[in-house]
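For the record, the sequence lines run as chains A and B.
Counting in UniProt numbering, the first sequence runs from 1 upward without gaps.
Counting in UniProt numbering, the second sequence runs from 1 upward without gaps.
Don't read these hints as lab results, they were simulated from the structure.
The model shown is predicted, which means the values in this text are computed figures rather than measured ones.
Treat the hints with care, since some could be wrong.
[Stated by the list, open to error] A partial selection of chain B residues facing chain A, derived with a Cβ cut-off under 10 Å: (1) 55; (2) 77; (3) 84; (4) 88; (5) 91; (6) 94; (7) 101; (8) 104; (9) 109; (10) 132.
[To be verified] Simulated restraints, written as ranges between beta carbons of each label pair: (11) B:77 x A:294: 28 to 34 Å; (12) A:132 x B:77: 38 to 44 Å; (13) A:176 x B:75: 40 to 46 Å; (14) B:108 x A:178: 20 to 26 Å; (15) B:131 x A:125: 25 to 31 Å; (16) B:129 x A:233: 33 to 39 Å; (17) A:185 x B:58: 22 to 28 Å; (18) A:185 x B:77: 40 to 46 Å; (19) B:129 x A:58: 30 to 36 Å; (20) A:161 x B:129: 35 to 41 Å; (21) B:129 x A:176: 18 to 24 Å.
All C-beta atoms, glycine included, are put in the ideal place defined by N, C-alpha and C.
Chain by chain, the residues run as shown.
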Amino acid sequence: HRRLPAVIPTPPVSASPFPNPKSQYCCLSRNFSAALTPLLPVQLPSRMETHLWYVVPDEVKSAPLLSKYMELLPQSERDHVLGFRGDQLQKSALLARTLVRTTIARYQVDGHLDPRSLRFKRNIHGKPEVEWETKDGFCPPPLQFNISHTSSLVACGVTMNSLIGIDVEEKRRRTKNNILAFAKRYFTAHEVEHLNAIPDSELQQQEFIKLWTLKEAYVKALGKGFSSSPFNTFTIRVNTAAQESFCLVKARKEASSGIAVETLDSPQNLTNNWQFALLELMGSHYVAICLERQETGGAGKAFPIKLTARKTIPSVEDELVSGTNAVVTIGGSVTQF
Amino acid sequence: MAAASASSFTSLKSRPAPGLATIAAVKSGAPLSFSFRRPVPAVSRLRISCAAKPETVEKVAKIVKKQLALPAETPVTGDSKFAALGADSLDTVEIVMGLEEEFHISVEEDSAQSIATVQDAADLIEELVQKK
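Take the sequences, apply the hints, and build the full model.
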C-alpha cells in the first residue's frame, strides 16, 4: 500500500459556531480551532482511465473533522445533510458531499483548489454535474463523476469524458421481499432465469445484489433518470465463463469476463456503447461501474477498464488500493493500476 | 410524471352567453365585469382531488417503518421523505412492492419514481384504488 502522509495542520483560525442546534457538531466545533488542511492535488485521469475514490464512514470518527467538512458545504447542502434522520444517515450524506467536493477540487481544474467554490447543478433529467465558472478563455474539462453511498461506504467515480455511473451495496444486503418475487416484478425474464438457476440461497442473494448494482450503475451512467429506463426494459447479461469466475477470481490484477447490457427494444444487438466493471471492495461491498465506451480495439473488442482505486479520508490521508486484496475484480474487463 | 397533488380544488367550466358580456376598461385597472341574462350553464367537468385519508397515510407509514427497520415509535408523517428516513433506491422499490401487495394495486415505474414522501405514496394509492 502506498500511504500519503497526513498534512501538518495550519495555525489556528477561529471557528464559526454552527447555528443549527440540530447538529451534533454544534458545540464541538467551538473547541476545535484549526482549519481544514489544504488538499493535496491529484492528476486528472487520462481519457482511458477511471478513478475510484471511497470513504469508509466508520473510519471517520472525529467530530471536529466532520464539523470542518460541514463548513465546506454551502448552506443548501448543509440543510440537505441535516434533513436526514439520525447521525449515521447524516454522516454518510455529509461524507458523500465532502468526497465529491474535495475530490474534484484536487484535480485542480483551472488552477485552484477550493472545494467550497465548486458549484453543482442538475441536468434536465436530474443528474448532478459540476457547474464550471464561465470565465474568458476557460474551457471546462470534460470531467465526469458519479457518487453512490450506503451507511457503510461512500464512493465517487471520476473519468475524463466518459459518462459514468456507479453503485455500491453491502454484500450481505437482504431484501425484505422474496428475491424471485421481486425479480419477477422488476427485472427481465432472462435475469429471473439467471437467479432462479442458482440453488444456494446465499449465492442467489449475492447474485441479486450484483445485478441490482449493475442495473443501477447503468441507469445512473445514462443520466436520464430511472423512469426513462425502467429495470424491466434492459437485461444485464453475464457470459458463462464469468458466472464461474464470479466465485473463483481472487486478488488478480486483471480479470476478464463479459458483462453487457441488452435493451429490450433491440434484443439482437447487445448495446455496445457501455462497458461494466464489478468489484468486491474490502470483502464487504460490491461496486458496480458503468462507463461509456470511448474506443474499441481491433474488431470491435473493447479495451479493459483502466482503474485506479484510492481509499481516502478527505484532507487527512489517501491510500492507493488498486491491485490489492481490498479491490477484487469479479466481473468485467478491468486492469488495476 | 408528477405525483398526485395533495391540494383540493374544484374546476368548473362555464361560458358567458354570447353578446351579453360587458367588460369594463382594462386599462384603467377597473375589475372586469360580466353580466349574464341566463344562469351559468351546466357544469361540464367537475373534479375534486383531496389529500389521502389518514388511515392510508398510517398504513403507508407502517410499511415504510417495516422496510427500513425503524422503531415503531419513530415519528413518520405525510411530510416524511423516504430518503430522509434512510430509504435508498432498493428500499423505495421494496416499499412500493409492499404497497402494491397491501392495497392490491399496480404502480407504474415512472409513478414509483415520483414518490418522495409518505403523502405522495398515500395519494397515489388512493388514486389507483379509485380507478379500479
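Agreement of hint residue 104 of chain B with chain A interface, Cβ distance less than 10 Å: 14 Å, violated
Minimum beta-carbon distance criterion (10 Å), residue 84 of chain B to chain A: 5 Å, holds
Restraint outcome when residue 109 of chain B is required to lie within 10 Å of chain A by C-beta distance: Holds: closest Cβ of chain A sits about 4 Å from residue 109 of chain B, inside 10 Å.
Per-residue hint verdict: residue 91 of chain B, partner chain A, C-beta under 10 Å: For residue 91 of chain B, the interface hint holds, since the closest Cβ of chain A sits about 9 Å away, which is under 10 Å.
Interface hint compliance - residue 55 of chain B to chain A, C-beta minimum distance less than 10 Å: Hint violated; residue 55 of chain B Cβ to chain A Cβ min 23 Å, cut 10 Å.
Cβ separation of residue 132 of chain A and residue 77 of chain B, checked against the hinted range 38 to 44 Å: 40 Å, holds
Hint validity - residue 132 of chain B Cβ closer than 10 Å to any chain A Cβ: Violated: closest Cβ of chain A sits about 19 Å from residue 132 of chain B, beyond 10 Å.
Satisfaction of the hinted span 18 to 24 Å by the C-beta atoms belonging to residue 129 of chain B and residue 176 of chain A: Holds, at about 23 Å.
Beta-carbon spacing of residue 129 of chain B to residue 58 of chain A - inside the hinted bounds 30 to 36 Å or not: Given about 43 Å between the Cβ atoms, the range is violated.
Range hint compliance [Cβ, residue 129 of chain B to residue 233 of chain A, 33 to 39 Å]: Between residue 129 of chain B and residue 233 of chain A, where Cβ atoms are some 27 Å apart, the hint is violated.
Supplied distance hint 22 to 28 Å, evaluated on CB atoms of residue 185 of chain A and residue 58 of chain B: Between residue 185 of chain A and residue 58 of chain B, where Cβ atoms are some 25 Å apart, the hint holds.
Restraint outcome when residue 101 of chain B is required to lie within 10 Å of chain A by C-beta distance: 9 Å, holds
The structure fails hints 1, 2, 8, 10, 11, 13, 16, 18, 19, 20 (numbered hints given earlier, in ascending order).
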